[in-house]
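With the hints as constraints, model all of the structure from the sequences given.
Residue numbers (the numbering used here), protein chains in the order written: chain A, 1 to 486; chain B, 487 to 589.
What the hints contain is simulated information worked out from the structure, not anything from laboratory work. Some hints here could point you the wrong way.
What the hints assert, rightly or not - Which bits of chain A does chain B cover? Going by a derived footprint, with three or more residues having C-beta under 8 angstroms, they are: (1) 235-247; (2) 325-331; (3) 337-346; (4) 376-382; (5) 426-438.
To be verified - To spell it out: a stretch of chain B is covered by chain A in this simulated footprint if at least three of its residues, at any positions, have a beta carbon under 8 angstroms from a beta carbon of chain A; those stretches are: (6) 555-566; (7) 576-588.
It should be emphasised that the depicted structure is a prediction, and the values quoted were computed from it without experimental measurement. For glycine and all other residues, C-beta sits at the position ideal for the given N, C-alpha and C.
Spelled out from the first residue to the last, the chains are:
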Amino acid sequence: MTDIHRLGLRQTAQALQAREFSATDAVSAALERIRLTEPRIGACVTVLGESALREAKLLDESGPDPARPLWGVPLAVKDVFDLKGAPTTAGSRLLENYFPAFEATVVERLRAAGAIFVSKANCDEFAMGSTTEFSAYGPTKNPWDPALVPGGSSGGSAAAVAALQVPGAMGTDTGGSIRQPAALCGCVGLKPTYGRVSRYGIVAFASSLDQAGPFARSVGDVALLLSVIAGPDGKDSTCSARPVDDYLNLKEPKAADLTLGLPDALWSAGFEPSVDEALSAAKKALTDAGVRLKSVSMPNLRYSVATYYILAAAEASSNLARYDGVRYGQRAEGDPELVALYRRSRSQGLGPEVRRRIMLGTFVLSSGYYDAYFKKAAQTRRLILGDYQRALGECDYLLAPVTSIPAWPLGSFTDDPLTIYQLDMMTLPLNLAGGPGLSLPAGLSSAGLPVGVQLWGPSFGEAGLLSAGALLERIFPPVGPPPMAG
Amino acid sequence: MAINENDARAVANLARLELGETAGQVADPARLKALVDEFSKIVAYMDILNGAPTEGVEPLYSPMTDPLPPRADEPARDGQKADELLGQAPERVGRYFSVPRIF
Chain A
1 MTDIHRLGLR
11 QTAQALQARE
21 FSATDAVSAA
31 LERIRLTEPR
41 IGACVTVLGE
51 SALREAKLLD
61 ESGPDPARPL
71 WGVPLAVKDV
81 FDLKGAPTTA
91 GSRLLENYFP
101 AFEATVVERL
111 RAAGAIFVSK
121 ANCDEFAMGS
131 TTEFSAYGPT
141 KNPWDPALVP
151 GGSSGGSAAA
161 VAALQVPGAM
171 GTDTGGSIRQ
181 PAALCGCVGL
191 KPTYGRVSRY
201 GIVAFASSLD
211 QAGPFARSVG
221 DVALLLSVIA
231 GPDGKDSTCS
241 ARPVDDYLNL
251 KEPKAADLTL
261 GLPDALWSAG
271 FEPSVDEALS
281 AAKKALTDAG
291 VRLKSVSMPN
301 LRYSVATYYI
311 LAAAEASSNL
321 ARYDGVRYGQ
331 RAEGDPELVA
341 LYRRSRSQGL
351 GPEVRRRIML
361 GTFVLSSGYY
371 DAYFKKAAQT
381 RRLILGDYQR
391 ALGECDYLLA
401 PVTSIPAWPL
411 GSFTDDPLTI
421 YQLDMMTLPL
431 NLAGGPGLSL
441 PAGLSSAGLP
451 VGVQLWGPSF
461 GEAGLLSAGA
471 LLERIFPPVG
481 PPPMAG
Chain B
487 MAINENDARA
497 VANLARLELG
507 ETAGQVADPA
517 RLKALVDEFS
527 KIVAYMDILN
537 GAPTEGVEPL
547 YSPMTDPLPP
557 RADEPARDGQ
567 KADELLGQAP
577 ERVGRYFSVP
587 RIF
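This is the structure in structure tokens:
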């Protein structure tokens, strides 16, 4: 019974259905694991101990329900998802006491499937960051080495899954915020196609780029979570009406039938030696298994970082205009006149990275600069989409690195925003194109840290993408839980 | 392009943000300079897009290609949350958000 926390998501769900242990046992195991690991990793903004145990007791009273695939399974959600009864801080001081009146569609669907939420996971403020160091509630640390960052912005979700606090978690990916922390923490993360999962009840960062998705410890576990959260939602007009494919009975392709394209602009970027070594070993494992790898040209990816930061900042500056100290959040003291009240409340409540991006976004949208920056970036976005579609025409899926360096020490780049923006170059193109991407561990580096790769597929091609991912997962060496998991 | 202090102030004003000052107190000159320089450096990086071949390219503002059908024109029945929503406000008077005098 003490090892419930080691079980994967599907194993946990099956054992609960078979009454091998109760929902209360599963939740208690997760809470105990949080108690043990949290002082070292800081993955949670809020632990929902009381409500989780109450919900587990209710479930246990009625007994397992085969129609509810996540019956009794403990999960974490990034603290940008609205969940009734707990604050949605979005990692911001400004929203410290914000209790949502609505629940996110993703949360509702997981709850309806029987999941129990045990924590709101830490993240960079308003999901703006690549390290989870820009959370007002302190940084999350990497379970593989607490001196290192877990990645971000969904670093709390990734760390919670890697540290065996929960078998699955939800995050959001605007420029890589699911795929990059999954890679740095050695777990699996999926960014679904833009429009596959409802964004209703999720704090907005950049509305044409944001997409919610799952973390877990295997491709099949991620597929189960996607099957619960995907699908049309009348509350989000950008959520596609397309029917949802079957993600549970994946038809794994034969290695010899699979051709993966390697985007030249990303593979030629230059890697830190231990990452380079692990990625080369991963490519060799694939070719040894019979997978065909071919270089594909994507010349416009060199513009990804600038394109993304202009568009994402522009959308953020507009989305974050609502935080004015009037309708919710904190208001600056001193009762100044109205505009000064806005300026002071926003400046006191929002952290430096969020203020930087609001400034950039406001600038690129301002009169005189709109065409040169915002429109130009939107045009470049179409060029990047063109590269993406052409490249996919030459292969089945695209295979890309996730980061050029392994998880780095806390504090390395916090004063150097431009360098950290450039570190996102491997993940941003997918959000600009809108397609789905699966990040999975490719092995451990010589330094003993996880190294990930990502597979990109055509829009709404999640079933095929996950099937190919399941094959890759069997080909790559398993990374297992971090040493701290004992 | 390079951004000077006046440009940065104008943007901060549009964004309803203070630029280095705290609660109305004038910013420390060194801190202000650091903020302006950092902003200028970020904007300068974006000029890499000048090399992108975008002549005649239609801007792409959303990756969504599916039609976005409007909802049926029926009032939502799950509302009645005015009190809960107003309860989030730092200051309210009855059923209104309260703000300082504008004039």
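The hints, checked one at a time:
no. : hint    : result
1   : 235-247 : holds (count 5)
2   : 325-331 : holds (count 7)
3   : 337-346 : holds (count 9)
4   : 376-382 : holds (count 7)
5   : 426-438 : holds (count 4)
6   : 555-566 : holds (count 3)
7   : 576-588 : holds (count 7)
In this structure, none of the earlier numbered hints is contradicted; all agree with it.
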